[in-house]
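J.: All chains should be modelled from the sequences, with the hints used to inform the complete structure.
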Amino acid sequence: MKPAQFGYLRPDSLAEAIGLLKDRPQDARVMAGGQSLGPMLNLRLAQPKHVIDISRLGELCDSSMSGDTLAIGACITHAQIEDGKITDVTRGLLTQVAKGIAYRAVRNRGTLGGSLAHADPAADWLTTMIALDASLELAGTNGRSQVKVAKFVTGAMETTIEAAQLLTCVLVPRLSTSARWGYAKYARKPGDFAESMAIAVVDPDRASSRVVLGRRSEPPALMQASSQVLAGKPAESLTEKLATAIEVDLSSVRADQADWTMHRAIVLRAIRTLT
Amino acid sequence: MKAVTICVNGERISRSVDDRLSLADFLREHCLLTGTHIGCEHGVCGACTLMMNGQPVRSCLTLAAAADGRDVRTVEGYEGDALMQAIRRAFNLRHALQCGFCTPGMLATAYDILSRIPDLDRERIRSELAGNLCRCTGYLSIVTAIEDVHAQGIARKGSSA
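Each protein sequence line maps, in turn, to chains Y and C.
Following this note's numbering, the numbering of the first sequence begins with 1074 at its first residue and continues without gaps.
Following this note's numbering, the numbering of the second sequence begins with 5 at its first residue and continues without gaps.
Read the hints as simulated data drawn from the structure, not as lab findings.
Once the Cα atoms are required to be at most 20 Å apart in a straight line, the calculated SDA-like pairs of lysine to any residue come out as:
no.	chain 1	residue 1	chain 2	residue 2
1	Y	1172	Y	1153
2	Y	1262	C	139
3	C	6	Y	1080
4	Y	1122	C	5
5	Y	1172	C	116
6	Y	1075	C	42
7	Y	1075	C	35
T.: Structural data, given as structure tokens:
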């Protein structure tokens, strides 16, 4: 289908973009790569009066290191991450995840910030960034603020972002050299949204251990008991402890029996691939 | 309406377009380049895939207004291109199309796979092609055609979109 009528606006600066949003709090949608909003427009699931294209704002298309944190501009594309165009602070995890997102033609346009702000629970970056304990920088009329990705997402496609706020960059802490990660994703076909995905990041030097489960209907779940088991010293009883911990964690995840079994298998697979 | 100038197959084209017009419709209706096919119109089928600034994109999910100032290459724009010639020859020899609806997108994706990835094998070609649907189920011959071109070793030299 063709989208409903809208006005296309392409601001030249971040301030102008925020101003445009402030003046149109109810009826404007921000577009970066347009790979999520585009289908919604074409299917008329979204019918905003204005589309604000931020994809050419230079400030959002860059990445930089500050201390031990990498700030990735919101408009960096999945393909740029796949191709290693940004500094690797995650020992290859971001590259691995980027490769599994949709298809190259989509990855060439789709952006990291757009995906996170869209907050589709089945999309790969939410789960990944929560596992990395990343934060987001938001810019609005009252200046800039930061929020943990886990706090930012409040529901399926729901976030704490305000009407006149823009996601400007994603702040990813550098993993230490002893950190290990594991990744597992189940989708019906390559490039499809995950039915289930899990990421485990264990970083003893930073006293951090996080296992996160992503799925279709709800925001990613931090698997606290499993994370704690992985934080402990490797022991012979780990396998048994872990099985119990995963069951504890999954007891609070709403799913039918088949999905539950799938989630358990995916979490286990992510943990087994920790390298 | 928005005034846009898009370089299409080497020719600068300036038009005033509806804000909601897709790049695919711009090419088909304003430029009369109907080689770009529109299938699902929400980014899933891959039929509308073409090159923008040398990279494959979905032209159904790209607004014409957002393509302003960009360089677009459609299936009509490969005259004299050695790599595309080889891909077309292989598609022909391997019968890698039946109805031809998916073919413009398949060619663009094949061109990208062959020029971007040095260590191609059948498995990788299959996963890279996952974003292009062929309803005549001609995947085996499409994969084989791309494999043939890769084996010829011309892919990574002297070709860029």
